[in-house]
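Asker: Below are the chains, spelled out letter by letter.
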Amino acid sequence: MSAALLEIDDVVARYGQIEALRGVSLMVGEGEAVALVGANGAGKSTLMKCLMGLLAPASGSVRFAGKDITRKATFTRAELGIGYSPEGRHIFQGLTVHENLLVASRDRDGGRGHAEDIYAIFPPLREKTAARGWELSGGQQQMLSIGRALMLRPRLLLLDEPSLGLSPLLMTEVLNRVQDIAARGTAVLLAEQNVHKALSVSHRAYVIKLGRIIKASASSELLADADLTSAFLGAY
Amino acid sequence: MNAVVRSVMGWSRSGIRPLFILGIILLALWPTLMTSAYQMRIFTIVGIYALLSLGYQFIFGHAGALSLTQGTFFGVGAYVTGILSVRYGLGGEFTVLLSIALPLALAALIAAPVLRLESHYFALATLGVGQVMLLVAISWQDLTGGANGLSGIPGLTLFGLEFGKGYGIMAVVWVCVAMGAFVSWRITRGLYGAALVISRENRIAALSIGIDTAQLRYAMFLLSAMFAGLAGALYAHTIRVVSPEALEFAIMVACLTITVVGGRTHIAGAILGAILIVNLPEWFRAMEKYYLIAYGIALLAMIVAAPYGLIGLLEQWRAKLLPEKPPAMPPAEPFIFVRAARSAAGPLLEIRDVHKHFGGLKALNGISLTVAPGQIFGLIGPNGSGKTTMLNVITGIYRADSGSVYLDGTDIHNKRSFVIAQSGIARTFQNINLVEEMSVLDNVAVARYRFDNAGLVQTFAAGRIDPAWKRARSNAMYVLEGLGVATVAQSAAGSLAYGLKRKVEIARALALEPRLLLLDEPAAGLNEGEQLDLADRLRAFARGGLAILVIEHNMPFLMPLAERMACLDYGDLIAEGTPAEIRANPLVIEAYLGTPEEKRA
Amino acid sequence: MLLQILANALALGAAYALLALGFVLILNATGAVNFAHGDMVMAGGYVAIAMGSVLQLPGALLLPLVVAVMALLGFVFSWFAYFPLKNRPPVSVFISTIALGIIFQNSANAIYGAAPRKGPPLLSEGNFGMGGITIGAQALGIVVVAIVLIVAQHLLLNRSGIGRKLRATAQDREMAEAVGIRVNRMIALTFALGSALAGAAGLMLSNTFFITPTDGTNYVIKAYIAVTIGGWGSLSGAVCGALIIALFEVLFPSLPLLIPPLKIIAPWLFTQTASTILLYVGLLAIMFFRPQGLFGETVQRRV
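Residue numbers (the working numbering), protein chains in the order written: chain V, 459 to 694; chain H, 854 to 1454; chain R, 2 to 304.
Among the hints, erroneous ones may be present.
[Unchecked claim] Below, computed lysine to aspartate or glutamate pairings styled on EDC-like, alpha-carbon distance capped at 20 Å:
1) H:Lys1215 to H:Asp1254
2) H:Lys1268 to H:Glu1203
3) H:Lys1178 to H:Glu1168
4) H:Lys1215 to H:Asp1425
5) V:Lys530 to V:Glu593
6) H:Lys1178 to H:Glu1290
7) V:Lys525 to V:Glu537
8) H:Lys1215 to V:Glu585
9) H:Lys1323 to H:Glu1366
10) R:Lys87 to H:Glu1054
11) V:Lys530 to R:Glu175
12) H:Lys1215 to V:Glu593
[Stated by the list, open to error] If you want the ones that stay clear, here's a sample from chain V, every Cβ over 10 Å from chain R, calculated:
13) Gly489
14) Gly518
15) Pro581
16) Arg613
17) Glu631
18) Gln637
19) Ala674
[Stated by the list, open to error] Here chain V is said to cover these stretches of chain R; the calculated rule only asks that three of the stretch's residues, wherever they fall, bring their Cβ under 8 Å from a Cβ of chain V:
20) 159-167
21) 181-191
Honestly, the hints are just simulated from the structure, not real lab data. All C-beta atoms in this analysis are idealised placements derived from N, C-alpha and C, irrespective of residue type, glycine included.
If we strip away everything but chain V, and leave its shape as in the complex, we get (with noise of 0.2 Å):
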């Protein structure tokens, strides 16, 4: 059992009047995947929104590393460790692929080492890596997210509806270099409405229905559950 690295506990948090969180829990350990699923609207990019610091909660705690960080600003949550790949990507249109990298880096060497780590876990980029980011397709730019995120070389990697806009094809080909992200040590928060391939390659899972979660398990367990099925189907 891992030690936890991220620990969410009884996360309440609103847009407006709608609550969209109703008491969230959760834990992430280090080096694990795990996968967050449910419908759209379930409170997926909710969570990960008050997890970046993006959304306050109305209570609840969230804990990293063993510090308290409900509070604490966007960018500080990017120091201690966190990287955050957005629904809809939110790469930097101006700058080039390689400047997207940099831009996130904190080495000494302004991230240029790092930068070729990357490239190697993404080769698509490297042939692109003086494009500017509006010349990227939707998968190039999910790539780049992903890759900007990881140049923070962070504990834990947030990743919000990666497949959102993908073909198939392409989905299967990001999300298969998820697990090799975790299997190199770097925790895997993965929120997904792609049910099957974000089991497939994390170790566990939980399920999000319209703001609670109604089941944490084994991601293999879970392929065949029923709760699953109720998550989906059936009008709100």
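Could you slot chains H and R onto chain V? The hints should help.
Answerer: Frame of chain V, contents of chains H and R only:
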């Protein structure tokens, strides 16, 4: 008679209205309490600035465009009055009219290049105009009297009646304010008012439902110029002198401050703001040299703390303390919103050899395809293959580099997007484009704008309740029922869950009575049950004659729904056929779906 | 004669270039159009005058001090005009900068009065003779200083780590924070930088053109015209635009000197006032025919 009294009583008791009535009474009583000619003069100036600000609200508040020419129009109006009455001895009937007409002409002239600019660029461009007019006024000495201006402007005379100093001119000014308020209230309500709201809150959405946002902004700009010209004329008759001061930026500053402090879309805001801002230098005599600094501080404070002005703030408090009952949901008025094509034979949509590139990137490489009336057509392809670009070319957001797009035989490829929407093509967007603060019902109702003669004049001339708006809301109700979301009609659009917002957007598109509906990833955000429900409804609409083009990645949703499909890859059309044919096509499989063995080695 | 005029135009253009650059920097970094930018230039001029009367040093030595003061002023400015409004629509910031511009203008008026004042010269008021042309030392100094500042700014933005961070902040503030950039510092730094450049321009312009409290409005319009000509957001475009404006402003009224017949045909056309009017009318014309600027290209985003 009783019914009228009851309705007036009812109206006057609801919401903030008791305060308004109190305010109007106080305003009317104030002149009786005035003791000196000086106080009367101040009150007159307050009225003039209120009128100026009322006009400014059209372009700045309702159209949402930060214009910096309001002061210039004011100055031009003042100069026209000054020049015509002093140099040519014309009476008020002519000078007032021309003082309105000349700023109107100037506005029409400069509108063409500057009005389509984004807000702050528009502001700076209009600033340039102001500088030019000031320079002209100072240099053209023969006409304007140069830096000294013209003095000895007579009092206002209209058809022989004199409205001189004191009560006379004051009464005229405040009558104009009342008339201006009436015009403002009438024009910005109902369907036209709703169209104004969506045009300023979400321009793309407004264009997609056939609203000519540029025309609305133009009308508001001209209106604001007219009000400013009138205010300028009255000003000249009040202070009996016109000088380059009337064209200086300080007047624009005062106008902007009044509007921001009072409330940019509230009529009462213009009056309250004027009272405060004009009297500021009077109340704080010691600050005479510094009153403009005080304006700056007031402006900054307001924009930070209360961007909707004092009246906006009052409204917010009122909404919390004395919530108004929402208006009753209108009955649904059925109408046929699924329009069959004019010619049953021939394709409804024909895309012929369309090319589109961005810089060096070929987004569409000679695409040709057709969609028949009442057909559900699916468009798939990997990310970046050109699907959304195709949609944007069809709806006129992008112009194709070559090739054509025919709707029911008419070439639409060069037309502007709102014209295409009016021709019968409605769409939804990947990112939801609803107006968050408006109710669901109103969001859909505004799509009826082009159907119900909702012009500026019509809205003004309509009775107490705008019948076009009533009809639009009833029709909207019907469409909402047709999509199964009538229960949330009164909710603010921003408060809904993603899936419901999606459906409301589709409802809005349908309210446009389209012949062709373009859906961009409609299943995203819907759970499986909702997807099945949506697919059923879309099939029903198609049976009624509506052609639907669906972009999707979600194969379990699309395959059973579409009758024909096409697949794009890197801007090329690589396959077309029935869903079964597409699924079996090796090119499609390779480019998009991936082979089943495509797993980890 | 022509060369003389061109030299003057170059000097004016150099000052305008600094002004336009600062404007675009703030625009890019914050999406905010700083209406008070022209008033920053005016403030720079008055700061130079204040310091000059106290310290009795030539402008070139005062320059770093003025730049430092203006940078500080820009920093403070951002706290009032930008940070309280950073989550609101951009027009709110525009209005807040209008408000601050009003405060600046009228404060200067209250302190110094409306009469024009002359700022300290960069080096001396002398002239250099070079190949038959007499170039004012001031003009030469302006060009040199401007070139140095522009090159420094370019290197900073495009070749340095902090420049990358500034650009990333400009493009996507939330994401920049998520990769560990201290966004508020970057934005405050940008305001400081923009104001410093404006202040430098102000010092240089205050000697040749005098300074009055209401100059700010004209300067910000010039910056705007420069950016319009050069294309929104483009730094090099802004510099080009500034040079074009300066060339027009200096050359056009001087045409009768080069082509004497013009003086007889239309003497009223070749005045400073008329050239200003023509400049603004030209702006409107450019807006009408090419809204993306003379050299601008609409950047296509992948959807």
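Asker: So, for every hint listed, does it hold in this structure?
Answerer: The hints, checked one at a time:
1. For the suggested pair H:Lys1215 and H:Asp1254, the alpha carbons sit about 11 Å apart, so the restraint of at most 20 Å is met.
2. Under the criterion of a C-alpha separation no larger than 20 Å, the hint pairing H:Lys1268 with H:Glu1203 is consistent with the structure, at around 15 Å.
3. Of the supplied pair hints, the one linking H:Lys1178 and H:Glu1168 holds, its CA atoms being roughly 14 Å apart against a limit of 20 Å.
4. As the CA atoms of H:Lys1215 and H:Asp1425 are separated by approximately 9 Å, the hinted pair is consistent with the 20 Å bound.
5. Annotation: proposed proximity of V:Lys530 to V:Glu593 is violated, straight-line Cα distance about 34 Å (limit 20 Å).
6. The straight-line distance between the Cα atoms of H:Lys1178 and H:Glu1290 is roughly 17 Å, inside the 20 Å bound, and the hint therefore holds.
7. Pair hint V:Lys525 plus V:Glu537 holds up; C-alpha atoms about 13 Å apart against a cutoff of 20 Å.
8. For the hint pairing H:Lys1215 with V:Glu585, the CA-to-CA distance comes to about 18 Å; that is within 20 Å, so the pair holds.
9. At most 20 Å may separate the alpha-carbon atoms for a hinted pair to count; H:Lys1323 and H:Glu1366 meet this at roughly 18 Å.
10. The hinted pair formed by R:Lys87 and H:Glu1054 meets the criterion: a straight-line CA distance of about 18 Å does not exceed 20 Å.
11. At roughly 15 Å between alpha-carbon atoms, V:Lys530 and R:Glu175 fall within 20 Å of each other, so this suggested pair holds.
12. As the CA atoms of H:Lys1215 and V:Glu593 are separated by approximately 11 Å, the hinted pair is consistent with the 20 Å bound.
13. Every beta carbon of chain R lies more than 10 Å from that of V:Gly489, the smallest distance being close to 22 Å; the non-interface claim holds.
14. Every C-beta of chain R lies more than 10 Å from that of V:Gly518, the closest at about 21 Å, which supports listing it as non-interface.
15. For V:Pro581, the non-interface assignment is confirmed: its Cβ lies about 21 Å from the closest Cβ of chain R, beyond the 10 Å cut-off.
16. Against chain R, the non-interface label of V:Arg613 holds: every CB pair exceeds 10 Å, the least being about 14 Å.
17. With a minimum CB-CB distance of about 19 Å to chain R, V:Glu631 clears the 10 Å threshold, and the non-interface call stands.
18. With a least beta-carbon separation of about 23 Å from chain R, V:Gln637 lies farther than 10 Å from that chain, consistent with its non-interface assignment.
19. Every C-beta of chain R lies more than 10 Å from that of V:Ala674, the closest at about 27 Å, which supports listing it as non-interface.
20. Coverage of the segment 159-167 of chain R by chain V holds in this model, with 3 residues showing a Cβ closer than 8 Å to a Cβ of that chain against a need of three.
21. Under a criterion of three residues with beta carbons nearer than 8 Å to beta carbons of chain V, the stated coverage of the segment 181-191 of chain R is upheld, 4 such residues being counted.
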